[in-house]
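One line per chain: the protein sequences are A and B, in this order.
Okay, so the first sequence: first residue is 1 according to the working numbering, each after it adds one.
Okay, so the second sequence: first residue is 1001 according to the working numbering, each after it adds one.
Keep in mind that the hints are not guaranteed to be accurate.
[As the list claims (entries may be wrong)] Now the stretches of chain B that chain A is said to cover, found in silico as 3 or more residues with beta-carbon under 8 Å:
#	stretch
1	1080-1094
2	1181-1192
3	1237-1246
4	1269-1277
5	1367-1374
[Claimed, not checked] Looking from chain A toward chain B, a few residues come up when the C-beta cut is under 10 Å (computed):
#	residue
6	Asn-30
7	Ala-32
8	Ser-33
9	Gly-262
10	Ser-363
11	Ser-476
Please keep in mind that the hints were generated in silico from the structure rather than gathered at the bench.
Built from N, CA and C at the ideal position, the CB exists for glycine as well.
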Amino acid sequence: MKDLLLGGRWLFLLLLALQGMLPANAQSPNDASFLSTLGELREATYSDKARIVERLSQSGHSSLRAVLTALLEDRLYFRNNDQKVFIVKSTEGDPLNLIDPLSLKDAGSAPSDSLTQIGTNNALRRELRTTVARFALSSPEVAVRLDAVREMLRSLDDASVALLRERSGVETNSSVKKEIATGLALAALDGSDAKARLEAIATLKQSISQDVRNRLARLLDKSPDGSFIESNEKVRGAAADAVETIDQLRTFYSAIQTLFFGLSLGSVLVLIAIGLAITFGVMGVINMAHGELMMLGAYTTYAIQTAMPGHIGISILAAIPTAFIVAGLTGVLMERTIIRFLYGRPLETLLATFGVSLILQQSVRSIFSANNRSVVTPGWMSGSLRLNDALAITYNRLYIVIFTVMVFCLILVVLKRTRIGLDIRAVAQNRAMARAMGIRTEWVDAMTFGLGSGVAGMAGVALSQLTNVGPNLGQSYIIDSFMVVVFGGVGNLWGSLIGGMSMGIVNELLEPYAGAVLAKIFILVALIFFIQARPRGLFPQAGRAAEDK
Amino acid sequence: MKRKAMLMTAWLLIAGFMFAEAAAAQDTIKVGVLHSLSGTMAISETTLKDTILMMIDAQNKKGGLLGKKLEPVVVDPASNWPLFAEKAAQLLEKDKVAVVFGCWTSVSRKSVLPVFEKDNGLLFYPVQYEGEESSKNVIYTGAAPNQQAIPAVDYLMKEVGVKRWVLEGTDYVYPRTTNKILEAYLQAKGVKSDDISINYTPFGHSDWQSRVAAIKKFGSAGKKTAVVSTINGDANVPFYKELGNQKISAEDIPVVAFSVGEEELSGLDTKPLVGHLAAWNYFESINTPGNKAFIAQWHTFIKNQKRTTNDPMEAHYIGFNLWVKAVQKAKSTDVEKVLTALPGLETPNLTGGTAKVLPNHHITKPVYIGEVKADGQFNVVWKSAGEVPGDAWSDYLPGSKDIEADWVTLHCGNYNKITKKCSGQNYK
């Protein structure tokens, strides 16, 4: 049976090769058998479907690729009244546009409830993906070819190896060539010639893929009777060597990855703390509603996405300034109506702002309901940037790191290079003197609080991409943001940056060993001890301003 | 003139009081609804409140029960576990409800249990849970581990050929007990402890990057790996997002979830999740006349065609119908009489089978395993042959396999077959 299948695969290859030479013939004799095999998919179980797909791919029919791709993408349907199989152009919308599976020409349309989808499961999709990848090997686009080769490498069989060998002769792109070489070397490991196996190992040593490493490690295993699976000692030695090299490289890259995880968690912490560093650090207001200002930013993102459903990609960018304005205005309003009457009374401020936080939560609950809202991640923020086989960085985290750096620099510029920044610093350092110099301190207070709140709103936009947008969003981050500010040193922006980043990195370093719960506890305990030793944080403020506080 | 107006007002007031009195005097049967309408669990529990209101509404349109109208008493325990006990006491002692439908998390159930046992109330609990419990005062209409977790693991082991297991859960009683049972089960099936990785994260965890990277690493050892997820509540959204972003596809490392249903998926972009699995006793996509009618009824009641139905809703549907049948059989809403009437009662479920109340206060349920489709619905890839009876005490845990629950002959929820002793309502 196995030989028969293998034979079938060779036949498939032959037909695939022939296909290019023959003129497209609409009424070729295997149309009927292709169509009847296709029809069997309607009632089959998943394991039967796998066998049917096998038979279909042996037919080498000219529309095979389109049909299998459609099946993989859940676009293969049959019509309920006459049981005819069709490809649909897109599963969205109603009625669905049909394509004839033989001629691949338009075949009208049908309402979606008159059609039944031909379903797939994981195992079937796996097989389909490999089969479809063989077609993509000759695609003009490099990225498609690269993906196709990688796909084939995951489950290498004779047919794939033959196709790869054929392709290696004509391939021009170097990275595709490298992947093909890896594939051919993996296949050569099964060969009988020890010298060829040694050469293959030399090639594979260049790779850092986990699959390659596992395949090489298998050469070192013993079979149940105690003898080595790989009989040649030299080959075993080379394999052990290669496994070690790959392991070392992978450990190195995984360390880089952990570092990036730490930076990305750290930048989230910094982002949620910068606003607080301004309101709490510079003004000395304990703002318990800081978390709710972030929540407002996140809900603004949701509102904007709902308002412009066709432009998800831009909506996030549009949400950043809008969230700044919404949260900033709320902040100014809070300052003018409540906080300004409570300066110098930290306990009352704490209680009053806590009250405000409850009011904000409840109003969001009344307007948007208590349920979480789903904020869509735009295409350019999902997926990951693949640097090599061992290292990939997720886009959403990458953008948030960049965003944090941008926000941080912006705040620095505002505080250090603008007139309002000068006023803010002056009022923070010596209120009476600033007043004497003609600065409208009340106005500056409102602006400072508005700036801090606005930044919290922008942090909310970033959080909407990472976590759930719900009325409790703020509560889960308020403790962290206070921790960062206190740790970094009250009144020091750089302290918040260093503090947040180091807390993020320590957390990610601990998490694999201690687990998420223990890691958090450990950081909290460490922070308590740190504050005991240095009550003013990492970077205490020096001079008169510090003494006042 | 002024005097006359005052007199009028007084009369109106008196009339108003009398009317209110009359309305109260008109006899109703009070039905308690104890679901969080705010807080972390509101996402899941609000729907269940609406389900019970819909069932009550439909029953009243049919003429009520024993000639009386049903009157819902809705309270909000706000995802706050101690508050659940307070609200339960309020329902039982102040409002004197005949029955309570409520709770989601096991913590909340454990919190109300002493109250129900003290006041001799009746609770229908609609969510899949960890087992190891059988109270005289609770009917468990959700799945016990042998009706969800064990069949799901069996499916992965036999049909998918999984050799390595990640048990990922939220840090509380349901995941911890379920994972203990699963670990014992896997080891009994010959899985080595190197091939099992167990990990817990707090409620509402959102930074999944290093956990997902660890799963990826654990899964790349050359053996087929699967994740069994008992992650609860809204922590699932960032978890699945991270899976999608780190490109872990269901074809490589499938994730089978016990707490993610249609409702939870409706808040997510499901395209990267296609193929990940869920094990339940009901899926909205199952095509039966009963299910179609239920979905239509739900859409009319909630006035939104896009709202999904899910497994715990079906459990409440079954639970409500069982209670109605038991009251009709007992001809009374008295808790003792209803509890005597319940075991052995049968009612159709929504997927074409029958739910029967067992002596251990659990019910029979079919098991389905579905793969997530791009539209957020599930494609059923496996179903059990017939209904599986719920087992209160797992056969795979050393302390619990000798224990039996039987409220018909033994009158005990915690009876040790070896020592022949009943430990009463003590579930430790």
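How the hints compare with the structure:
no.	hint	result
1	1080-1094	violated (count 0)
2	1181-1192	violated (count 0)
3	1237-1246	holds (count 7)
4	1269-1277	holds (count 3)
5	1367-1374	holds (count 3)
6	Asn-30	violated (30 Å)
7	Ala-32	violated (30 Å)
8	Ser-33	violated (29 Å)
9	Gly-262	holds (9 Å)
10	Ser-363	violated (13 Å)
11	Ser-476	holds (6 Å)
Violated hints, in rising order: 1, 2, 6, 7, 8 and 10; the structure is consistent with all others.
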